[in-house]
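Residues per chain are reported as follows:
2 protein chains.
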Amino acid sequence: MAKSICEVLGIKYPIIQGGMAWISDAKMAAAVSNAGGAGIISCGGRTTDYVRDEIRKAKTLTDKPFGVNIMLMAPNKDEILEVICEEKPAFVTLGAGNPVPFVEPLHKAGIKVIPVVPNVKLAKRLEQNNADAIVVEGMEAGGHIGVLTTMALMTQVIPEVNIPVVMAGGIADGRGIAAALLMGAAGVQMGTRFLVAEECPVHDNFKQKLIEAVDTDTIVTGQTIKSAVRGLKNKFSEEYQALEFSGKATKEELLKLATGTNKLAAVDGDMEKGMIQAGQSLTPLKKIEPMATIIESLVTEARATLAEAKNIKI
Amino acid sequence: MAKSICEVLGIKYPIIQGGMAWISDAKMAAAVSNAGGAGIISCGGRTTDYVRDEIRKAKTLTDKPFGVNIMLMAPNKDEILEVICEEKPAFVTLGAGNPVPFVEPLHKAGIKVIPVVPNVKLAKRLEQNNADAIVVEGMEAGGHIGVLTTMALMTQVIPEVNIPVVMAGGIADGRGIAAALLMGAAGVQMGTRFLVAEECPVHDNFKQKLIEAVDTDTIVTGQTIKSAVRGLKNKFSEEYQALEFSGKATKEELLKLATGTNKLAAVDGDMEKGMIQAGQSLTPLKKIEPMATIIESLVTEARATLAEAKNIKI
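In order, the protein sequences belong to chains A and B. In terms of the UniProt record's numbering, the first sequence opens at residue 1 and continues consecutively. In terms of the UniProt record's numbering, the second sequence opens at residue 1 and continues consecutively.
Among the clues, some could well be false.
Because identical chains cannot be distinguished in the list, a pair is counted as satisfied if it fits within a single copy or across any two copies.
[To be verified] Derived DSSO-like pairs: lysine-lysine, alpha-carbon spacing no greater than 27 Å straight-line: (1) 287 with 273; (2) 313 with 12; (3) 226 with 273; (4) 121 with 209; (5) 248 with 207; (6) 124 with 286.
Hints in this document: simulated from the structure, not taken from any laboratory.
All chains, full assembly: derive it from the sequences and hints.
What follows is the structure in structure tokens.
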């Protein structure tokens with residue numbers, strides 16, 4: 001059995017916060033790390049100066065390990081890599097492109113490398129290319145997604161690799177954490193659940209919308225052009241999906257239509273024209289609380305769930 | 001906590017076989033029930049005479065409880081209900097339509113009613129309408145699917161109802177069964193995993209194709225017309241999806257194009273023009289084995305997985 005992600009990263013609880021573009025900054029990441037998990041600063045859409053400043057800021061806010069997420073579709077990914085190698089956060093997660101060329105330079109800088117992979121084939125490839133762990137993300141997650149679900153990935157990826165597998169997608173309570181660990185996951189990554197943390201800088205309109213949302217409230221845009229993004233149903237996302245399913249827009253037109261909509265929702269709080277990226281497990285999001293409260297209650301519930309295993313008869 | 005499905009149905013193991021149109025017949029259902037689970041005869045696409053004959057045949061092949069699945073889109077569903085009430089199998093699963101009007105007549109005949117539901121709202125509705133249990137199916141399942149995944153449904157549905165919840169979708173090994181039970185499921189329903197049982201009458205071409213298939217080999221057709229079906233990628237399903245994403249076919253044309261393709265794959269073994277309905281968790285399907293061997297190995301692995309819970313640190 002692979003090591004726990006706690007051993008890999010030197011953290012207390014096997015919970016990583018997902019990198020969320022335009023949202024997860026130094027303050028949010030430090031809050032997760034201070035609570036015993038591992039926070040992640042997102043570089044999506046950001047300048048190298050922003051990334052350097054946030055890493056430095058996070059170091060003043062926590063003495064615990066935290067990470068940085070590199071979006072491999074970003075045009076400035078090579079410059080961001082340089083900054084990260086200089087500033088040396090504990091680890092890097094990266095995906096939506098080929099992570100292999102990034103492993104060696106990050107390792108040389110003493111940084112752990114945790115690629116995000118969507119299937120068995122890529123999981124094996126990253127194991128062969130010396131990844132320290134992998135994040136495997138089901139399509140119930142928010143934001144950019146693949147096609148396999150968390151249950152299908154836990155069933156098929158975990159037995160096939162010997163490196164630690166962090167499961168993501170649809171996990172929003174302690175029962176989900178317990179189930180992932182029971183199936184052999186080394187830890188979990190959670191994004192949407194942390195959006196309602198006090199320390200999360202997402203616009204308050206966004207938080208309120210999440211608290212009201214139920215299980216059936218998400219929609220996937222961009223599937224037909226292999227650029228699938230999950231978010232809440234609203235004017236933008238429903239009209240976008242209707243347009244793409246009509247076949248009346250080109251790939252270029254659809255990509256252009258989506259550009260800037262994540263920031264519009266997350267930063268500006270536009271709940272009609274913005275893309276409100278979020279995963280399917282929404283009902284556990286009931287109120288705005290401190291990150292430490294959220295993480296402690298997740299861990300308490302996960303422990304209680306695991307303790308019940310001995311009473312299950314089969 | 002709700003009762004185990006074992007108590008509800010009087011079976012040994014909390015494993016139900018999914019109803020699979022043109023596939024799950026008396027022989028297959030009896031094999032599952034004799035192995036300690038609960039088999040299900042599918043009525044999809046069948047005549048009332050077929051249904052009566054298969055129920056009678058199953059009674060000669062097993063003295064254990066078995067069920068029947070009614071496809072509520074079938075034009076002859078009311079006649080099939082009559083036959084079922086006369087022949088009295090232990091239970092009925094039913095979905096893809098409104099199951100509420102079926103509860104009372106089936107209960108009067110002494111038959112347990114287990115609707116298949118895709119979200120929290122319908123789960124609560126069926127609880128209020130006296131369902132004995134519900135099957136909640138994630139979109140990683142094969143055949144007709146909804147949009148929520150197994151992890152999202154386990155997270156959100158199980159805490160919201162007090163009746164037993166049987167989880168389905170992507171569960172194909174003992175680890176998945178253990179995880180579902182740990183999250184509070186009363187049992188699991190599995191379909192694809194049983195397609196490679198010796199007693200399963202699906203065409204041998206189909207079985208061989210499943211054994212070769214990997215995690216990324218499924219595709220969903222009919223999403224754009226709210227008639228989503230998951231199956232293996234092949235000439236038919238890839239061309240169908242390309243056509244629907246092009247926006248160049250009407251809903252009627254798409255529905256017509258799909259008609260008969262399930263039977264073509266399952267009965268005739270046409271692996272190019274047929275729709276090979278199957279779920280995402282394909283790698284555990286390694287060989288053709290007796291149903292009893294498959295079920296015993298699932299239970300052994302589920303028990304071993306649950307026993308490991310005490311060693312998990314969080």
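So, going through the hints one by one against the coordinates:
Within a single copy, residue 287 and residue 273 get their C-alpha atoms as close as 24 Å, which meets the 27 Å cut-off; across copies the closest is 51 Å, which misses it. For the identical chains of this complex, residue 313 and residue 12 are inter-copy neighbours only, at 10 Å across copies versus 31 Å inside a copy, given an alpha-carbon limit of 27 Å. Proximity of residue 226 and residue 273 under a CA criterion of 27 Å is satisfied in both settings, with 22 Å inside one chain copy and 25 Å between copies. Proximity of residue 121 to residue 209 under the C-alpha cut-off of 27 Å is restricted to the inter-copy arrangement: shortest distance 19 Å between copies versus 37 Å within a copy.
With identical chains, the CA atoms of residue 248 and residue 207 are never at most 27 Å apart, being 34 Å at best within one copy and 39 Å at best between copies. When the C-alpha separation of residue 124 and residue 286 is checked against a cutoff of 27 Å, the pair qualifies only between copies, where the shortest distance is 19 Å, while the shortest distance within a copy is 38 Å.
Checked against the numbered hints given earlier, this structure breaks only hint 5.
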